[in-house]
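Asker: Chains as they are written, first to last, in this note's numbering: chain A, 1 to 526; chain B, 1001 to 1337.
Hint data in this document are derived by calculation from the structure and do not stem from the laboratory. Each hint should be verified, as a subset may be incorrect.
Using 30 Å as the maximum straight-line C-alpha spacing, the simulated DSSO-like pairs for lysine-lysine come out as follows [what the hints assert, rightly or not]:
(1) A:53 x A:496
(2) A:204 x A:186
(3) A:53 x A:97
(4) B:1241 x A:428
(5) A:186 x A:428
(6) A:424 x B:1023
(7) A:382 x A:305
(8) B:1169 x A:435
(9) A:496 x A:428
(10) B:1169 x B:1241
(11) A:314 x A:177
(12) B:1023 x A:177
Simulated restraints on C-beta separations [what the hints assert, rightly or not]:
(13) B:1284 x A:525: 40 to 46 Å
(14) B:1223 x A:33: 26 to 32 Å
(15) A:99 x B:1143: 38 to 44 Å
(16) B:1086 x A:396: 39 to 45 Å
(17) A:443 x B:1143: 36 to 42 Å
(18) B:1044 x A:443: 35 to 41 Å
(19) A:364 x B:1086: 33 to 39 Å
(20) A:443 x B:1017: 40 to 46 Å
By construction, the Cβ of each residue, glycine as well, lies at the ideal position given by its N, Cα and C atoms.
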Amino acid sequence: MLPVLRRPVQERELRAILNYMSLENPFQDPLRFERQVPECALAIFGANGDLTKRKLLPALYRLAYERRLSAGFAVLGLSRTAMSDEQFREKMRASVKEFLEDSPFDDDIWTAFAQGLFYMAGDVHEAALYPALDARLKEIEGQRHTGGNVLFYLSTQPSQYIPIAQGLGAANAGKGKGWRRIVVEKPFGHDLTSAQELSAELHKVFSESEVYRIDHYLGKETVQNILAFRFGNGIFEPLWSRNYVNHVQITAAESIGVEGRGAYYQEAGSLRDMIQNHLLQILATVAMEPSATFRPDSVRDERSKLLRSIRIMKPEEVLVDTVSGQYGPASIGGEDVPGFRQELGVNSDAQTDTYAAVTFFVDNWRWAGVPFYLRSGKRLPKRVTEIAIQFNAAPLAIFNGNESNVAPNLLILRIQPEEGISLKFLSKRPGTGMKLRPVSMDFNYGSSFGERSPTAYETLLLDAIIGDATLYTRQDMVEANWAVVDAIQHVWDNTKFDFPNYAAGTWGPKAADDMLARRGHVWRQP
Amino acid sequence: MGGTIAPDRILHEMADLWVSLGKQSEGDAGVLRACSMTLVVAAEESDDVTAIGETLAALMPEHPSRAIVIRFRAEDRRTLTARVFAQCWMPFGHRQQICCEQIEITAADASVPDLAAVVLPLTVPDLPVVLWCRSPRLFHLPAFPQMAAIAQKVVLDSGAFGEPAGILKEMIEALAVGRSIADLSWTRLTRWRELIARIFENRAQLANLPGVSEVRISSCSKSPPVEALYMAAWLMDGLEKIGAHPRLRFNSAAGVASGELNRVDLVARDLASIASIGLVEGHAAEVRVGGWVNRAVLPRPTDYALMREELSIPGRDAVFERTLAAAARLAAGETRP
């Protein structure tokens, strides 16, 4: 730590201070070393919750297993439940064992990792919690040499974000000896106004560069691979525009229903829960301009520019270019499946969209006139997330009398499951005559490289600790998303839908097919 | 077993192999062919072929390649034989089998001049070629440069070459003619170096670094082995960058395999330790920094781990090349790198 000088600074001292400020670790070797992770403490609000148990702790353990965390890394869990450090460690051990995916559990590694796990109980609405938290963090800093660096993680109900930010601010816990950052889980507000209010409250304590809004879709290896695919290869860029792309379909389908989250989901809906964040971020990644560098703000500037180029719909456009849906009961594979309104905690007349399909247009030179069809829904036939880019047909069909020769070229970027990239094109069928058939050239991400891919939370947690915000959502991006979605939601909120309008286990309401048919397109069956 | 081999015939056999693999696969999942490079392994016939096969099999999932294993026999009669087979695996949870080709060539020393003409057409077009030379004897065969010329990168292990000065000089000469060289003795130090670098990620520790007045490196050898020379050269180079000009001392230690690094100490002017890393209890490292002691696993890397790292670096490695030059100066008896 620099000494506090209370006298005029001598030239030699000044030089020493300047040297210290600019001194860089001379032993770094980025070609061979893993990214260096600074010491820090991670303070998780909502440490007794599902997200911590299912995602955060397994991801942190896995990072420890891979030796990606610093030796003094510490976790301080906070929640209302009274628990000792030891009980918290035992509970997290059980969670990690249960939810760790495709990795072994090693007792020795866990024992070393668990030494850095601490816990304190408290109510986030109690002002006394925050000075106590600050004191505990200082204690951990002394014990684990965390350098005063703290990453706060809000894994709580969204309604608690503002009280926590205010509490941290009042106790001056947002500033300290080292760096302070805060990770916020979605939803970032429920509309533009509330998102701005949330940002304003966070900014009273943290600067925007210290706020990490997490969208776990952006942490998925295959979403990152879209950037590699687009900007690491030269051959696709010339095709990537209105001149060659006919339209784009982005699908995020889930086969499950609301799974006990009916009360929450009833307030959210598919448009807010999926399209406002995940799918619009994917759209931005697919359609953004290349950034000049791969620095966090360079990439985020381009994403943000793209999001701000999405046309905001007028009410009359909402009626033709969006479809709201809700699943009804059905029998799937011999099992009776309830409709949304029959789910636990859901009102019998709920107007919630469990399915949303939207036609977006990006008003810039590259994409003007190209429809981007986004759809997301629950209780669809299968779990799949993918992007399908359909190219224009060949300008002249010279192989007459052949139905297949109208099959369009498709580039499919599969996000989950079976992550990979497929290119569909026409090939001559073996034999005499010129008969064509579509074939698929596949790149399977998971199996072409046998190495395990990190989970989205491993990637994103490490990024936040390192201070790399490339895959995090910035305030201007969140606001651009809400501006687009609010225009739709406002019309939907003032419309009485005749729900349910699709049966569980189908690909959504017929109106969604009609929406594409008006432009001569059909939904791809993933 | 004929005395010569025709690359065309090997390529034809490989094409047949893919057809038969496709027919053997059940259902319509098929076989996925994966290839990101050609990996040529030059080994002595006496080298453990099973171990080489295991290393290649372990490398394939991350670095799918066409592997060409050449086993050399010290024989005056010109003979070359070859066989072709596939390495396949089924990733967990997937239906599709992934396969890579492997060609095994046995060559008498007398046939080495013929080899480049055989290997060149067998390399996969448009993808990098890496040559892993597992024996000092082969590296010194007169026809070896012809083989090396096919590869974009040559990997060897200078630790196996005995006296370091000669091989370090030869590697510098190879670099000078534009060849990319990698040395597994340097790769073995990555984890050591990473531990050291990690200490100085902490700014308080970093501030102590200009105060280093002595660097001590211990290894189990009377004269410094190549790993110790590399470590010394790398540390001194890093310290030089921040204006420190410490003394360098090599110590001889007992209890570890010959040539293996045992301990690194960075010492301040008042002889207080700034940082030290030492091997304890086999292959764990004890890191001591300012009174704080921490342990990390530091296993002796396997051939697989070393090659995995080297294959991940397709281009030249500036840090290694700078360190190699400095290590060569130390080996030649200069007191400063």
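Asker: Each hint needs a verdict: does it hold in this structure or not?
Answerer: Here is what the structure says about each hint:
no.	hint	in the structure
1	A:53 x A:496	violated, 39 Å
2	A:204 x A:186	holds, 20 Å
3	A:53 x A:97	holds, 10 Å
4	B:1241 x A:428	violated, 63 Å
5	A:186 x A:428	violated, 49 Å
6	A:424 x B:1023	holds, 23 Å
7	A:382 x A:305	violated, 33 Å
8	B:1169 x A:435	violated, 63 Å
9	A:496 x A:428	violated, 51 Å
10	B:1169 x B:1241	holds, 24 Å
11	A:314 x A:177	violated, 50 Å
12	B:1023 x A:177	violated, 65 Å
13	B:1284 x A:525: 40 to 46 Å	violated, 55 Å
14	B:1223 x A:33: 26 to 32 Å	holds, 29 Å
15	A:99 x B:1143: 38 to 44 Å	violated, 57 Å
16	B:1086 x A:396: 39 to 45 Å	holds, 43 Å
17	A:443 x B:1143: 36 to 42 Å	holds, 39 Å
18	B:1044 x A:443: 35 to 41 Å	holds, 38 Å
19	A:364 x B:1086: 33 to 39 Å	violated, 49 Å
20	A:443 x B:1017: 40 to 46 Å	violated, 22 Å
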